[in-house]
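These protein sequence lines are chains A and B, in that order.
Counting from 816, one number per residue, gives the positions in the first sequence under our numbering.
Counting from 972, one number per residue, gives the positions in the second sequence under our numbering.
No lab work stands behind these hints: they were computed from the structure.
Every value quoted in this text rests on a predicted model; they were computed, and no experiment measured them.
Honestly, I wouldn't trust all of these hints.
[To be verified] Quick list of simulated restraints, FRET-style, between CB atoms:
| no. | chain 1 | residue 1 | chain 2 | residue 2 | range |
| --- | --- | --- | --- | --- | --- |
| 1 | B | ALA1074 | A | PRO910 | 15 to 25 angstroms |
| 2 | A | VAL889 | B | VAL1051 | 30 to 40 angstroms |
| 3 | B | VAL1026 | A | SER908 | 14 to 24 angstroms |
| 4 | A | VAL964 | B | TRP1047 | 35 to 45 angstroms |
[Unchecked claim] Not everything, but these chain A residues come out facing chain B in the computed CB check (under 7 angstroms):
| no. | residue |
| --- | --- |
| 5 | TRP932 |
| 6 | ALA935 |
| 7 | LEU937 |
| 8 | ALA955 |
| 9 | LEU958 |
Beta carbons are placed, not taken as given, at the ideal position from N, Cα and C, and that holds for glycine.
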Amino acid sequence: MPRTPSDDDAALRWDDVDDPSWVDTQSGARRGGAGIGAEAGADGSDDRHREIGAPAHPSAGSLATRLVTGAGAVLYLAYSIAWIVGVGGLQLSGPTLVLEVVYQFAEFLAIIASALWFGATLVLTAGHIGRRAGWLSLGALVLLPWPFVLGVLA
Amino acid sequence: MTAAHDPTPDGAAPPRSSESERARGAEPDRGSRGARVGIVLLLGFVVAWFTWDAVGNLVALPELLTQLGLAESIPWPALVLGVAMPVVAYAAAVVIGARLPLARLTLVLITSLAAVAATRLSLIAVATGTLGV
């Protein structure tokens, strides 16, 4: 692990908690992996305890929020890929150059729609699990990639 | 939130809640009224194009299909939905974003435009699929 000492005298002191050989009785087992996170000497132990404490006691609400958000992320990523594939299969072309550009722009909008809907839902429903699940469900219906679905069925 | 500790009688509750919502929306980053209206109008041009395109389809496609002798397979639901959907979706986005800060209003409007673009392609794909072309 590349590690630059914060000052030239660091090697002459014994109180460096970033030292991999420094063993804490409570969290010594995970020192090797978490060494990058604990940068500062004095604040290191506090950060470690916070890192250990946070995932150990997640409230039911935050866990549900993470589940809904994670499921939504997977679904909307799949939608984005399906839209990219589906739009590629559509043979739409404008009769004039201007219309062609507008059509291409509309196709680009359709491709980024899933990501935009997911991002906007996350931003606007922070702290509201029910609203987040509802808006993500609505988006899953509205943005169903029919060009891809019909292409697969055909 | 504040309504839980509100000692006012039930009859006075709705106006107070809408008042608190308005107060929550009145943040410094709301942007000027001109900027908000400008964004709504600017992105409204895209909606106008989507609607214009759909009206063009609604007029031209039945004519074309009738000439080809395929009058029974005119996809009326898709054509009508194509005209109504952009306006309805954008209006809903304006209503939702009206109380939000300027940046979030813009995000909601652009998201609605993208959703309209995706739904338009879905309608085209479904209409084309039912024609069997």
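How the hints compare with the structure:
1. B:ALA1074 x A:PRO910: 15 to 25 angstroms: violated, 37 angstroms
2. A:VAL889 x B:VAL1051: 30 to 40 angstroms: Given a distance of about 34 angstroms, which is inside 30 to 40 angstroms, the answer is holds.
3. B:VAL1026 x A:SER908: 14 to 24 angstroms: Hint holds: Cβ distance 20 angstroms, inside 14 to 24 angstroms.
4. A:VAL964 x B:TRP1047: 35 to 45 angstroms: Given about 22 angstroms between the Cβ atoms, the range is violated.
5. TRP932: Where the cut-off is 7 angstroms and the nearest Cβ of chain B is about 6 angstroms from TRP932 (chain A), the hint holds.
6. ALA935: holds, 4 angstroms
7. LEU937: violated, 11 angstroms
8. ALA955: Hint on ALA955 (chain A): violated, closest Cβ of chain B at ~12 angstroms, above 7 angstroms.
9. LEU958: holds, 5 angstroms
Hints 1, 4, 7, 8 from the earlier list are contradicted by this structure; the remaining hints agree with it.
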